[in-house]
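Required output: the full structure, derived from the provided sequences and hints.
Which chain is which? The protein sequence lines are A and B, in order. Position one of the first sequence corresponds to residue 1 (the numbering used here), numbered consecutively onward. Position one of the second sequence corresponds to residue 242 (the numbering used here), numbered consecutively onward.
Treat the hints with care, as some may be off.
Anything over 12 Å on all C-beta distances counts as not near chain A; from chain B, calculated [claimed, not checked]:
1. Y249
2. M254
3. V271
4. V305
5. D323
6. L327
7. M328
8. A467
9. G477
10. V479
11. L498
12. L500
Below, simulated DSBU-like cross-link-like pairs (lysine-lysine); rule was C-alpha separation at most 35 Å, straight line [what the hints assert, rightly or not]:
13. A:K193 x B:K495
14. B:K318 x A:K146
15. A:K202 x B:K245
16. B:K245 x A:K127
17. B:K245 x A:K131
18. B:K256 x A:K127
19. A:K110 x A:K18
20. B:K256 x A:K146
21. B:K424 x A:K221
22. B:K245 x A:K146
23. A:K74 x B:K248
24. A:K193 x B:K318
25. A:K202 x B:K256
26. B:K248 x A:K202
27. B:K424 x A:K110
28. A:K18 x B:K248
29. B:K248 x A:K110
30. A:K146 x A:K202
For the record, the hints were derived by calculation from the structure and aren't laboratory data. Built from N, CA and C at the ideal position, the CB exists for glycine as well.
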Amino acid sequence: MSDLLIQCTALTKAYGSKLALRDVNLSIGRGRIIGLLGPNGSGKTTLIKLLCGLLQPTRGTLLIDGQGVGVHSKSIISYLPDKMYFADWMKATDLFDLFADFYQDFDRTKAMEMCASLGVNPTDRIKSMSKGTKEKVQLVMVMSRKAQLYLLDEPIAGVDPAARDFILSTILTNYNEEGTVLISTHLISDIEKVLDEVIFLKEGQVMLHNSVDNIRESEGKSVDALFREVFRTIPIEGGNY
Amino acid sequence: MLGKLLKYDFRSMWKQFALLWPAALALALVNRFTLSRDVGNDAVSTMVTTIPLLVFGSVMIAMVVIVLLYVIQRFYKGLLGDEGYLMHTLPVKTWQLIASKLICAVVMTIISIAVAFLAFLILVPFSFADLQDVFPDLLRALRLYGLDMLLFCVEILLLLMVCTAQSYLHLYLSMALGHLASKHRVAMSVLAYIGINVVGSILLNVLAVFNFDLDFNIVFDSAAAAFHAAVWFAIGVVAVICAVLFFFTNYILKRNLNLE
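Right, here's the structure in full:
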């Protein structure tokens, strides 16, 4: 087991001629809750997809738990995509079977309990569930694992503010405390109180990587306020709009 | 891990075909009784025999279409669509994902062909007494020719399997290539399919220039041995083509995957 959970060196990803990530250097430890913050198109999803192996870097190196992305890294990462990944024919219990088969850290009892507390009937066909219920099932799948690294891509973007708190508390009460949680979002004020560290991404580059306490101490302001300052939209050619 | 993947691919296949296969057999059975009866020429009895036959024919065509659509859809949706977010983050190797889809597709096709064959046997109203006469004669004739029937059946089955695998891998590689485009991915997949065909026939023509004189009858002393050798040669050639197609599909999915 390597000390650092994630190590990126000069990590770059290009889509054709467009650079989505530029020379990203990051070191992330264990047992942290980290906000991956940035406006739309800043490279948050690209970074997460590189970490879970859905994309290959154009340049640079990426180590997870001391190893390159592969079967080992995938077995310790629990990933919540911003997409629904279910096959039509499945019930939630079929997915539980699948997770139990492939991930040794999946806790089926916990999954059933979470379903009960979230009001999801795991024997319903997923096809017939509402969008919100499907999202809950996906969250249950991801949080029922005792993973080393949770990658949560915009888990609260599509839901109303009341449900946000509910989802956040589900994440916080269920994650493996020795593992690290990386949450990407642009809704900072909602999650600021739970974060240990933040990473600001802007146009594919890391603007800032610091602990929330340090930011409050040295800048004297909240992460939300700092975010607004860093990412203030500057009108082109100084126009006033 | 491949075994676990197969378990889920077969489970999803079963959901699709659990109804279709018995339906085809049941319809064949219905037809057997309506066909074998000596019916008059009046409209009602014509209808009694024609309608089940039409239904049976449509079920057979439906089976071919469903098998093809299923093979394409399981790969496209399962590995290149949203389900890819689940499959490609499982702790397995990319080649295992492709192999699982392929094995499942080939097995499903073989079963479908067997069901169609069985349905035909049920449908055609010949009596089993006829069969008892025909089959031993057929076997005797073939044995006279010196063919080992068991080996022959294994060879034909193998050839059928590699040919099926080859046509499906052709589809897989086309979809993987089409997926490299940032838009119009389906249209690009169709173009890729045609492109692979063109490349394939160019390669064949290049090989033909060398003008291999493959006459197995010269090498082998018996006609049967030459026949077996020719079938094994064909299996080998198709298997090599399969390996090439598989290699490129795996390379693209491993190195250039970019799910939407």
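For K245 of chain B and K131 of chain A, compute the direct alpha-carbon distance and say whether it is at most 35 Å.
29 Å, holds
Hey, is V271 of chain B genuinely clear of chain A, shortest beta carbon separation above 12 Å?
V271 of chain B clear of chain A: closest Cβ-Cβ about 29 Å, beyond 12 Å.
For the pair supplied as a hint, K424 of chain B and K110 of chain A, confirm whether the alpha-carbon distance does not exceed 35 Å.
With a Cα-Cα distance of about 41 Å, the restraint between K424 of chain B and K110 of chain A is violated, given a limit of 35 Å.
Check the hint pairing K202 of chain A with K256 of chain B against an upper bound of 35 Å on the C-alpha distance.
Between K202 of chain A and K256 of chain B the Cα gap is close to 46 Å, so the pair fails against 35 Å, i.e. violated.
Minimum Cβ-Cβ distance from V479 of chain B to chain A exceeds 12 Å:
Non-interface label stands for V479 of chain B: nearest chain A Cβ at 31 Å, farther than 12 Å.
Take a quick look at G477 of chain B and tell me if its Cβ sits farther than 12 Å from every Cβ on chain A, holds or violated.
32 Å, holds
Compare the distance between the alpha carbons of K193 of chain A and K495 of chain B with 35 Å, and conclude whether the hinted pair is satisfied.
Since the Cα atoms of K193 of chain A and K495 of chain B sit roughly 39 Å apart, the hinted pair is violated (cutoff 35 Å).
Between K248 of chain B and K202 of chain A, does the CA-CA distance stay at or below 35 Å?
Outside the cut-off at roughly 43 Å; violated.
Under the criterion that the straight-line Cα-Cα distance not exceed 35 Å, is the pair K245 of chain B, K127 of chain A satisfied?
23 Å, holds
Taking only the CA atoms, is the gap from K74 of chain A to K248 of chain B under or equal to 35 Å?
20 Å, holds
Is K202 of chain A within 35 Å of K245 of chain B, Cα to Cα?
Status violated; Cα separation ~41 Å.
Would you say V305 of chain B is clear of chain A, with no C-beta pair closer than or equal to 12 Å?
22 Å, holds
Of the numbered hints listed earlier, those contradicted by the structure are 1, 2, 5, 6, 7, 11, 12, 13, 15, 19, 21, 24, 25, 26, 27 and 28.
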